[in-house]
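Read off the chains here:
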Amino acid sequence: EAQVTQNPRYLITVTGKKLTVTCSQNMNHEYMSWYRQDPGLGLRQIYYSMNVEVTDKGDVPEGYKVSRKEKRNFPLILESPSPNQTSLYFCASSSLQVPEFFGPGTRLTVL
Amino acid sequence: AQSVTQLDSQVPVFEEAPVELRCNYSSSVSVYLFWYVQYPNQGLQLLLKYLSGSTLVKGINGFEAEFNKSQTSFHLRKPSVHISDTAEYFCAVSSGSARQLTFGSGTQLTVLP
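So the sequences go chain by chain: A and B.
Heads up, the first sequence is in this note's numbering, so the first residue is 1 and it goes up one at a time.
Heads up, the second sequence is in this note's numbering, so the first residue is 1 and it goes up one at a time.
Just chain A, same shape as in the assembly:
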């Protein structure tokens, strides 16, 4: 089954404690991206990747890092999380240059 998986699905952490949200796809897609979803703001792109070792900033990259060492994985790293990063995060992948398949989401709360 074609899918995008994210882990963890839910996470509560404290300010400043580094965390990583993993994203993996099994469709051999070149394009992957991360979004955050906040009430009334829709989805905003954090980072995207056109291929292995090729990443670029989206609309709201501050406070986030990504890496793309393998085609299937695209982890999102928060080096020092802050409360304003409390949000619902989605990873997406596609054979196009826009997302077609989204993961189930990761709900992050930073206290």
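To be clear, the hints were calculated from the coordinates, so they are not data collected in a lab.
Take these hints with a grain of salt, some might be off.
[Said to hold, decoys possible] Below 35 angstroms or equal to it, Euclidean Cα-Cα: the simulated DSBU-like pairs (lysine-lysine) are: (1) A:LYS65 <-> B:LYS49; (2) A:LYS57 <-> A:LYS17; (3) A:LYS17 <-> A:LYS69; (4) A:LYS57 <-> B:LYS58; (5) A:LYS57 <-> A:LYS69; (6) B:LYS49 <-> A:LYS69; (7) A:LYS57 <-> A:LYS18; (8) A:LYS71 <-> A:LYS18; (9) B:LYS69 <-> A:LYS57; (10) B:LYS58 <-> A:LYS71; (11) A:LYS71 <-> B:LYS49; (12) B:LYS49 <-> B:LYS69; (13) A:LYS57 <-> B:LYS49; (14) A:LYS65 <-> A:LYS18.
[Unchecked claim] Below, a sample of chain A positions facing chain B; criterion: calculated Cβ distance under 7 angstroms: (15) GLY40; (16) GLY42; (17) GLU100.
Yeah, the Cβ is synthetic: ideal placement off N, Cα and C, and Gly gets one too.
Dock chain B against chain A, hints included.
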């Protein structure tokens, strides 16, 4: 810069009635346009896309959308909705570079029995 405006945040409609969800965009270059659907507690799913060609685009689940360049709109329509269509719908636009996708704030469609 590109932007998307979804004119209605909530649209209640009775089952089997037609529905139109409105979307307007602004962009200084040619655009690609998309509609996504998000069912409760799930990720987004691509409903349909306009890349080029015919301005009337058909998607999954009986939805269609029409690209109107002069009015910079991409409204989503369905002639007869079902309870299972209850979800949040997002319009999105990408410029010719196709690297950044800008989403609208979403329209919650609630289908009433």
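Comparing the hints with the structure gives:
no.: 1; hint: A:LYS65 <-> B:LYS49; result: 30 angstroms, holds
no.: 2; hint: A:LYS57 <-> A:LYS17; result: 23 angstroms, holds
no.: 3; hint: A:LYS17 <-> A:LYS69; result: 23 angstroms, holds
no.: 4; hint: A:LYS57 <-> B:LYS58; result: 32 angstroms, holds
no.: 5; hint: A:LYS57 <-> A:LYS69; result: 17 angstroms, holds
no.: 6; hint: B:LYS49 <-> A:LYS69; result: 30 angstroms, holds
no.: 7; hint: A:LYS57 <-> A:LYS18; result: 20 angstroms, holds
no.: 8; hint: A:LYS71 <-> A:LYS18; result: 24 angstroms, holds
no.: 9; hint: B:LYS69 <-> A:LYS57; result: 29 angstroms, holds
no.: 10; hint: B:LYS58 <-> A:LYS71; result: 31 angstroms, holds
no.: 11; hint: A:LYS71 <-> B:LYS49; result: 25 angstroms, holds
no.: 12; hint: B:LYS49 <-> B:LYS69; result: 15 angstroms, holds
no.: 13; hint: A:LYS57 <-> B:LYS49; result: 24 angstroms, holds
no.: 14; hint: A:LYS65 <-> A:LYS18; result: 11 angstroms, holds
no.: 15; hint: GLY40; result: 6 angstroms, holds
no.: 16; hint: GLY42; result: 4 angstroms, holds
no.: 17; hint: GLU100; result: 5 angstroms, holds
Going down the numbered hints, you'll see the structure goes against none, and every one checks out.
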